[in-house]
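Colleague: Chain by chain, the residues run as shown.
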Amino acid sequence: MEVKKIIPPLLILVLFLASWHIGALIYNLPFLLPTPFAVAQTFISDFDIIMTGLGLTFRAAFTGYIVATILGITVATIMSLNKILERSLYPYAILLQTVPVVAVAPLIVLWFGFEIKSIIIISIIIALFPIINNTLLGLKSTPKTLVELFDYHGTNKFTSFFKLRFPAAIPNIIAGMKISAGLSVIGAIVGEFIIGSGSEAGGLGVQIIYAQADLETALVMALILTATSLGFAFFITVSSLGYYLLHKWHESEQ
Amino acid sequence: MIEAHNVSKHFDDVQALAEVNLDIATGEFISIVGPSGCGKSTLLRIIADLVESPDAVIVKPNKGAFVFQDSALLPWRTVQGNVELLMELEGTDNKRSKAAVALKQVGLNGFEKSYPHQLSGGMKMRLSLARSLVLDPQYILLDEPLSAVDELTREVLQEELYDMWKKNKFTAILVTHNIAEAVYLSNRVVIMSPRPGKITDIVNIGSSLGFKERTPDIRTTSKFSKVVNEIAGKLRTWK
Numbered sequence: 001m002e003v004k005k006i007i008p009p010l011l012i013l014v015l016f017l018a019s020w021h022i023g024a025l026i027y028n029l030p031f032l033l034p035t036p037f038a039v040a041q042t043f044i045s046d047f048d049i050i051m052t053g054l055g056l057t058f059r060a061a062f063t064g065y066i067v068a069t070i071l072g073i074t075v076a077t078i079m080s081l082n083k084i085l086e087r088s089l090y091p092y093a094i095l096l097q098t099v100p101v102v103a104v105a106p107l108i109v110l111w112f113g114f115e116i117k118s119i120i121i122i123s124i125i126i127a128l129f130p131i132i133n134n135t136l137l138g139l140k141s142t143p144k145t146l147v148e149l150f151d152y153h154g155t156n157k158f159t160s161f162f163k164l165r166f167p168a169a170i171p172n173i174i175a176g177m178k179i180s181a182g183l184s185v186i187g188a189i190v191g192e193f194i195i196g197s198g199s200e201a202g203g204l205g206v207q208i209i210y211a212q213a214d215l216e217t218a219l220v221m222a223l224i225l226t227a228t229s230l231g232f233a234f235f236i237t238v239s240s241l242g243y244y245l246l247h248k249w250h251e252s253e254q
Numbered sequence: 001m002i003e004a005h006n007v008s009k010h011f012d013d014v015q016a017l018a019e020v021n022l023d024i025a026t027g028e029f030i031s032i033v034g035p036s037g038c039g040k041s042t043l044l045r046i047i048a049d050l051v052e053s054p055d056a057v058i059v060k061p062n063k064g065a066f067v068f069q070d071s072a073l074l075p076w077r078t079v080q081g082n083v084e085l086l087m088e089l090e091g092t093d094n095k096r097s098k099a100a101v102a103l104k105q106v107g108l109n110g111f112e113k114s115y116p117h118q119l120s121g122g123m124k125m126r127l128s129l130a131r132s133l134v135l136d137p138q139y140i141l142l143d144e145p146l147s148a149v150d151e152l153t154r155e156v157l158q159e160e161l162y163d164m165w166k167k168n169k170f171t172a173i174l175v176t177h178n179i180a181e182a183v184y185l186s187n188r189v190v191i192m193s194p195r196p197g198k199i200t201d202i203v204n205i206g207s208s209l210g211f212k213e214r215t216p217d218i219r220t221t222s223k224f225s226k227v228v229n230e231i232a233g234k235l236r237t238w239k
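Those protein sequence lines, which keep their order, are chains A and B. Counted the way our numbering counts, the first sequence spans residues 1 to 254. Counted the way our numbering counts, the second sequence spans residues 1 to 239.
Looking at chain A on its own, in the form it has when it is part of the complex (with noise of 0.2 angstroms):
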């Protein structure tokens, strides 16, 4: 990336950390309102908590992630076969974007015990419905004379789903997977929330819980930051895909 390009965000992040550490210094509520510099010290005091909270969050959310990712593209893909089977089953994917994951989830805990299963399956509901949209908007959409190219030459269902209808979907699919990138490591947050102090070793949501009753506020900002900059590597790790499978033809990556 070229260096201007980085500048001016660059120039947000300082004007916000600089305006975060005077207000910090002005009200001097270190409990309510530690300054940048005491975050940053966190993370080398409590390296250990924020890291083994890391690694719990990380694998709950990628795991959930790439479940999602491989589900909704199977679901997607059935959907696509036939009007009727997209009728029949598109309502209940929207109910997935619908229905409130911070109520349900103490249900899924309830019937999946205290385990990370139970964190991975609310990461799974709260990621798969803009997979699966994205990816039926795209198998949907294949160009139509592409369409009828493979019809005029008997081309069976198979071949023109390997061939045609699932390439020209690859956009979509990637545009769907950079919205569950962020959603897969909330989902898992709000999954530890709920399993709570229940668990032995906890993620960052559970760390969260206990920084906040101890009032270790910067701990907690600590620990907001690194579930933050989690959803954030996901993403780019999945905009790099997509700029890696999508820069030599597709608009969208040029």
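It is worth saying that the hints were derived from the structure and are not from the lab. One should not assume that every hint holds.
Pulled a few chain B residues facing chain A out of the computed Cβ check, cut under 8 angstroms [claimed, not checked]: (1) A48; (2) F68; (3) P75.
Straight-line alpha carbon distances no greater than 25 angstroms define the calculated DMTMM-like cross-link-like pairs of lysine to aspartate or glutamate that follow [said to hold, decoys possible]: (4) A/K140 x B/E112; (5) B/K113 x A/E86; (6) A/K157 x B/E84; (7) A/K163 x B/D93; (8) A/K140 x B/E52; (9) A/K117 x B/D70; (10) B/K113 x B/D136; (11) A/K163 x B/D12; (12) A/K144 x B/E84; (13) A/K248 x B/D93; (14) B/K95 x B/E84; (15) A/K157 x B/E90; (16) A/K248 x B/E88; (17) A/K144 x B/D93; (18) B/K63 x B/D93; (19) B/K113 x A/E251; (20) B/K63 x A/E251.
All values reported here derive from a predicted model rather than from experimental measurement. By construction, the Cβ of each residue, glycine as well, lies at the ideal position given by its N, Cα and C atoms.
Starting from the known structure of chain A, fit chain B onto it as the hints suggest.
Modeller: Structure of chain B alone, referenced to chain A:
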């Protein structure tokens, strides 16, 4: 020989085609002209078996190709990948060498690794034609293939298409809006009327034009413009 008999088509309540009958001799170049909405593209798609017409009787050779208005290239494949596409779908042997010959014929050798978005409109259409030629088709159906390119490129492509037809000896059915294009390329020009689409006239270009070979300079002759104007006059009847 291509035969299309009793071709009718309804879209809901609108009758798009009414009992069209058309016989095309082997190796003949036929153009279909007519105003928008006369069903000429639909007729071509019924011949191609892309659109249903329950009562129609279509007889055509086994090996054919269909060339679309927008080139219909796969954007994620290179020129090489695109020229091999139809051979993959048809299970043709010796893809590499056939692709190389066809790309050379249309002047796209050296562009094998390029992607469609890097090509001009004319080059895309050449690629689309090359991809069809590698199948060694007995007939090619062309649906307004040159309508997306600029006027100068269009005339060059008409000449190239004519040379391809001469060299590869396929039967051709071309749907076009451009009367001069139809006259330049065809043995016969089929004129259709709108709603319901019917064949109202068939002009034998070979006899009325009197040129054995079509070369670019015939476009400026008075005989050529006379034939173009005659067809234009017949088309203007429905305005």
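Colleague: For each hint, tell me whether it holds in the structure or not.
Modeller: Tested hints:
Taking 8 angstroms as the C-beta cut-off, the interface hint given for B/A48 holds, the closest approach to chain A being about 6 angstroms. For B/F68, the suggested interface contact is upheld, since its CB lies about 4 angstroms from the closest CB of chain A, less than 8 angstroms. For B/P75, the shortest C-beta to C-beta distance to chain A is roughly 5 angstroms, which falls under 8 angstroms, so the interface hint holds. Distance hint between A/K140 and B/E112 is unfulfilled; the C-alpha atoms sit about 30 angstroms from each other, more than 25 angstroms.
At roughly 38 angstroms between alpha-carbon atoms, B/K113 and A/E86 are farther apart than 25 angstroms, so this suggested pair is violated. The suggested pairing of A/K157 with B/E84 holds, with an alpha-carbon distance near 19 angstroms, which does not exceed 25 angstroms. Under the criterion of a C-alpha separation no larger than 25 angstroms, the hint pairing A/K163 with B/D93 is consistent with the structure, at around 19 angstroms. For a cut-off of 25 angstroms, the pair hint linking A/K140 to B/E52 stands: about 22 angstroms separates their Cα positions.
The straight-line distance between the Cα atoms of A/K117 and B/D70 is roughly 50 angstroms, outside the 25 angstroms bound, and the hint therefore fails. A hinted pair counts as satisfied when its Cα atoms are at most 25 angstroms apart, and B/K113 with B/D136 qualifies at roughly 23 angstroms. This hinted pair does not check out: A/K163 and B/D12 have alpha carbons roughly 33 angstroms apart, beyond 25 angstroms. Distance check on the hinted pair: A/K144 and B/E84 sit about 20 angstroms apart at the alpha-carbon level, within 25 angstroms; holds.
About 28 angstroms separates the Cα atoms of A/K248 and B/D93, which puts this hinted pair outside 25 angstroms; it is violated. As the CA atoms of B/K95 and B/E84 are separated by approximately 6 angstroms, the hinted pair is consistent with the 25 angstroms bound. Pair hint A/K157 plus B/E90 holds up; C-alpha atoms about 14 angstroms apart against a cutoff of 25 angstroms. A distance of roughly 22 angstroms separates the Cα atoms of A/K248 and B/E88; the hinted pair therefore holds under the 25 angstroms criterion.
Pair hint A/K144 plus B/D93 does not hold up; C-alpha atoms about 28 angstroms apart against a cutoff of 25 angstroms. Annotation: proposed proximity of B/K63 to B/D93 holds, straight-line Cα distance about 15 angstroms (limit 25 angstroms). Proximity of B/K113 to A/E251 is assessed by CA-CA distance (about 18 angstroms); at most 25 angstroms being required, the pair is judged to hold. The suggested pairing of B/K63 with A/E251 is violated, with an alpha-carbon distance near 35 angstroms, which exceeds 25 angstroms.
Checked against the numbered hints above, the structure violates hints 4, 5, 9, 11, 13, 17 and 20; every other hint is satisfied.
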